[in-house]
Amino acid sequence: MTALQHVRLGAYHVVPMAAPDDFGEWRDHARRMVMADVPPDRIAWTEPGGPAGNLFTHGDRRLPVPDRDAAQPRVSRRFMEIAKTVIMHSDPERFGLLYRVLWRLQSKPRLIEDAADGDIRAMADMARAVRRDIHKMRAFLRFREVEHEEGEYFVAWFEPFHHILRHNAGFFTRRFANMRWSILTPRGSLHWDGETLREGPAATRADAPTGDPVEEMWRGYYASIFNPARLKIGAMLKEMPRKYWKNMPEAQLIPELVAGAQAREAAMVSAGAMDEEERPETLDAVDKAIHACSRCPIGELHNTAVMGEGPAGAPLMIVGEQPGDNEDLQGRPFVGPAGQLLDVHLEQVGIDRKAAYVTNAVKHFKYVQRGKRRLHQSPAAKEIDICRWWVEAERSIVKPGLVLAMGASAARAMLGKTVSITKARGKPIELEDGSELWVTAHPSYLLRLEGAAREEQTRLFDQDLAAVAARLKALA
Amino acid sequence: MIQKTIIERLKVLADAAKYDASCASSGTNKRDSRGGKGIGSTEGMGICHAYAPDGRCISLLKLLLTNHCIFDCHYCVNRKSSNVERARFTPQEVADLTISFYKRNYIEGLFLSSGIIRNSDHTMEQLVETARILREEHDFRGYIHLKTIPEADAEIVRRAGLYADRVSINVELPTVAGLVRLAPDKNAQTIDGAMGTMNDAITEARDAKKRFRHAPRYAPAGQSTQMIVGADGASDADIVNRASALYGQHRLRRVYYSAFSPIPDASAVLPLRRPPLIREHRLYQSDWLMRFYGYSPGEVAQAAGADGMLPLDIDPKLAWALKFRESFPVDVNRAPKEALLRVPGLGTRGVGQILSARRHRTLRLDDIAKLTVSVAKLRPFIVTADWRPVTLTDRADLKALVAPDAGRQLDLFAA
Numbered sequence: 001m002t003a004l005q006h007v008r009l010g011a012y013h014v015v016p017m018a019a020p021d022d023f024g025e026w027r028d029h030a031r032r033m034v035m036a037d038v039p040p041d042r043i044a045w046t047e048p049g050g051p052a053g054n055l056f057t058h059g060d061r062r063l064p065v066p067d068r069d070a071a072q073p074r075v076s077r078r079f080m081e082i083a084k085t086v087i088m089h090s091d092p093e094r095f096g097l098l099y100r101v102l103w104r105l106q107s108k109p110r111l112i113e114d115a116a117d118g119d120i121r122a123m124a125d126m127a128r129a130v131r132r133d134i135h136k137m138r139a140f141l142r143f144r145e146v147e148h149e150e151g152e153y154f155v156a157w158f159e160p161f162h163h164i165l166r167h168n169a170g171f172f173t174r175r176f177a178n179m180r181w182s183i184l185t186p187r188g189s190l191h192w193d194g195e196t197l198r199e200g201p202a203a204t205r206a207d208a209p210t211g212d213p214v215e216e217m218w219r220g221y222y223a224s225i226f227n228p229a230r231l232k233i234g235a236m237l238k239e240m241p242r243k244y245w246k247n248m249p250e251a252q253l254i255p256e257l258v259a260g261a262q263a264r265e266a267a268m269v270s271a272g273a274m275d276e277e278e279r280p281e282t283l284d285a286v287d288k289a290i291h292a293c294s295r296c297p298i299g300e301l302h303n304t305a306v307m308g309e310g311p312a313g314a315p316l317m318i319v320g321e322q323p324g325d326n327e328d329l330q331g332r333p334f335v336g337p338a339g340q341l342l343d344v345h346l347e348q349v350g351i352d353r354k355a356a357y358v359t360n361a362v363k364h365f366k367y368v369q370r371g372k373r374r375l376h377q378s379p380a381a382k383e384i385d386i387c388r389w390w391v392e393a394e395r396s397i398v399k400p401g402l403v404l405a406m407g408a409s410a411a412r413a414m415l416g417k418t419v420s421i422t423k424a425r426g427k428p429i430e431l432e433d434g435s436e437l438w439v440t441a442h443p444s445y446l447l448r449l450e451g452a453a454r455e456e457q458t459r460l461f462d463q464d465l466a467a468v469a470a471r472l473k474a475l476a
Numbered sequence: 001m002i003q004k005t006i007i008e009r010l011k012v013l014a015d016a017a018k019y020d021a022s023c024a025s026s027g028t029n030k031r032d033s034r035g036g037k038g039i040g041s042t043e044g045m046g047i048c049h050a051y052a053p054d055g056r057c058i059s060l061l062k063l064l065l066t067n068h069c070i071f072d073c074h075y076c077v078n079r080k081s082s083n084v085e086r087a088r089f090t091p092q093e094v095a096d097l098t099i100s101f102y103k104r105n106y107i108e109g110l111f112l113s114s115g116i117i118r119n120s121d122h123t124m125e126q127l128v129e130t131a132r133i134l135r136e137e138h139d140f141r142g143y144i145h146l147k148t149i150p151e152a153d154a155e156i157v158r159r160a161g162l163y164a165d166r167v168s169i170n171v172e173l174p175t176v177a178g179l180v181r182l183a184p185d186k187n188a189q190t191i192d193g194a195m196g197t198m199n200d201a202i203t204e205a206r207d208a209k210k211r212f213r214h215a216p217r218y219a220p221a222g223q224s225t226q227m228i229v230g231a232d233g234a235s236d237a238d239i240v241n242r243a244s245a246l247y248g249q250h251r252l253r254r255v256y257y258s259a260f261s262p263i264p265d266a267s268a269v270l271p272l273r274r275p276p277l278i279r280e281h282r283l284y285q286s287d288w289l290m291r292f293y294g295y296s297p298g299e300v301a302q303a304a305g306a307d308g309m310l311p312l313d314i315d316p317k318l319a320w321a322l323k324f325r326e327s328f329p330v331d332v333n334r335a336p337k338e339a340l341l342r343v344p345g346l347g348t349r350g351v352g353q354i355l356s357a358r359r360h361r362t363l364r365l366d367d368i369a370k371l372t373v374s375v376a377k378l379r380p381f382i383v384t385a386d387w388r389p390v391t392l393t394d395r396a397d398l399k400a401l402v403a404p405d406a407g408r409q410l411d412l413f414a415a
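Line by line, the protein sequences are chains A and B. Read in order, the letters of the first sequence are residues 1 to 476 in UniProt numbering. Read in order, the letters of the second sequence are residues 1 to 415 in UniProt numbering.
It is possible that part of the hints are untrue.
Result set (DSS-like, lysine-lysine): computed pairs, CA atoms no more than 30 angstroms apart in a straight line [what the hints assert, rightly or not]:
| hint | chain 1 | residue 1 | chain 2 | residue 2 |
| --- | --- | --- | --- | --- |
| 1 | A | K243 | B | K370 |
| 2 | B | K186 | A | K382 |
| 3 | B | K370 | B | K323 |
| 4 | A | K399 | A | K382 |
| 5 | A | K238 | B | K11 |
| 6 | B | K80 | A | K427 |
| 7 | A | K246 | B | K37 |
| 8 | A | K84 | B | K30 |
| 9 | A | K382 | B | K4 |
These are computed hints drawn from the structure, not numbers from a lab.
Using the sequences and the hints given, assemble the complete structure.
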């Protein structure tokens, strides 16, 4: 009986595959079937352990003998490449699908390029699922160290969804060439002793070790590298579907990390004194807002916020450190001893204080209570940085062409970093909006000095003020 | 003071590293551990070993050597004036930790950065030493990414490239004014100079490799950078232009964008509204348009509004298409690849499949539906054998027709 008669008689064949992922075996059978002219719907392919008993399993188990002069089937390299991947898919239909495409390719050799064809798309989908599983095994497999008489030994338990174990052996031997390890799966196992690879039987989860002390560190890392302010569960699930979680030690943390994320973000935000409000746009609004400010501990002391004073639009802005005892009581800047000293020197160089906007780097009086006295305390860098928000609000409304910062705190409020007064004084520093910053000592510093030192510092202070006065004239 | 345990320090120093956007482990040369004493391999493509609930991939052990820092950059949680818990690792400890994680297949390698301790040179020495221990003592052949310190001596920075697959130098902020204001200890010229020097070293080593087989490999995965988005006033157009200049000038492999994130103990110089995370996403999309879809930086800027900001409710490709409706519809059966790549909703893979399928059949709307995710979004912009949009591209409400449900999308990403 010839092959052609087979078809005419409606004969069908059962082709049992000995291995689920052996492309060579499938290729040999398929080639023979094509040469014997057996159409796809006349073959039932079965795999070991696969479901049996459909109509076709009663078919002819002998492979047909092709005609001696039958032509060899021809396929493109591209088909071969995809088929080698598709063969690893767990769908029992894969052998039949590949055969159907092979069959159709004989009359339409470039069918493989038609991405819109149903069979070609099905093949592409299967290949993609297999490649993904191969990739996920490389990514999500976790080794655990076990006791072994010869020293370090690592065992992994992984549950692949397709027949990819053998395909992935090369990757793990290349990567962990000088380690000894076993990979156990429900579909078989691999064992590497540093020199040779051995295939073993299927395993169960009970055969695999349950823990490794390093996992505690890994989980610590996983929980810490996660940024709770950016919760994107969908993005995580897309790449790391739940089906892989059960064998990943870090995945058990996910529910609590997700549940705790909002609280952690809220804590981050409040600890950061982040503010969602807009910057006030009038001096009155700033005044009102600073009285309610409790962004730093100074605002919590028994004191009153002191607003800067002077005309909006003043060409000169003078910045001091913070209100003192007198300023706090009167609610006005520079009215105490240092303020009075400042007034004297400003007058000497011909600067009209009333035409300037006078304010402080920090808006509240920081002090410690000693009996009935409130002793001045310098603000910390952090507190200056927090209060910079308000000084900048004032500056953006007043828009002075020139800013005079008196003392290190004021300079920090303007520049965002600590500078040395000695190095910075006596020359203009350009600010980002094009205005000029001049730095000098704080007048209270002069008050603390005596004798020659005081004379010298007073001279330098006047020199700075004179330079500022000259610049003001030039800018006007 | 009682020294913290390794795990306590790991938590502090990983937490400090979580604001860094990069975790790529791809693009380096192929190698494996056969014939050596150690472990590790790279096969071109990086592997993401886990994903965190923030949706980001974990490929490398991303750590700071220390979060002590003498710098005072306002957007940075580790700045000098911040009150965060501090910790430090020795180079040996980081190398050992990397190896024990790698052996368990948790990671592809190490991404090491550091706060500046003592001075920039000392810090850079420590980073390089960690990589040296890994490569020379452990014969580690996995991936190493070192963040380099622009202010450090050029010779030490150069040595980083001998051990690392990738080096990165953060430009920090998209504008010089932003840098001056928010990173007062950093200097734009120094950063630019360091990138240029690194680019020269990479190019030189590539040339040497062509002539001498045994020339040492040098940062085979090139250099990348990161900029903070939303901490200064830079618009999306500014950022895209800056990124494009960096790609061109210093041949960067990647520019990462990191949406300014609320950080514990933040400086009050940053009392800005946190930029929506979706803005960062739109910038990555625009980056993609330039690298894979043939858009010029100018065209990306055209997709932005008058204020230079990309729309948040729709992706930049769709925004561009809505502005330049005269470029549509595109005939999927005839149009060149470049035109197909401009169709909103068509990715590079979809375009490839259309090009290959149309050699065999005249494509109908049905066929396109099989090859793409959503044909509804495509329909107004394409012509097929059985479909021609008549007035769709002229309709004023086109955006509403094709844009995803804006409210829902923002809900998902914003937070």
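Structure-based check of each hint:
Using a Cα cut-off of 30 angstroms, the hinted pair K243/A and K370/B holds, with the two alpha carbons roughly 27 angstroms apart. The hinted pair formed by K186/B and K382/A meets the criterion: a straight-line CA distance of about 19 angstroms does not exceed 30 angstroms. The straight-line distance between the Cα atoms of K370/B and K323/B is roughly 28 angstroms, inside the 30 angstroms bound, and the hint therefore holds. Between K399/A and K382/A, the direct Cα distance comes to roughly 25 angstroms. Compliance with the 30 angstroms bound is thereby established for this hinted pair.
Under the criterion of a C-alpha separation no larger than 30 angstroms, the hint pairing K238/A with K11/B is consistent with the structure, at around 26 angstroms. At roughly 27 angstroms between alpha-carbon atoms, K80/B and K427/A fall within 30 angstroms of each other, so this suggested pair holds. Restraint check for K246/A and K37/B: not satisfied, since their Cα atoms lie roughly 33 angstroms apart, outside the 30 angstroms limit. With a C-alpha separation of about 23 angstroms, the suggested pairing of K84/A with K30/B holds against the 30 angstroms cut-off.
For the suggested pair K382/A and K4/B, the alpha carbons sit about 26 angstroms apart, so the restraint of at most 30 angstroms is met.
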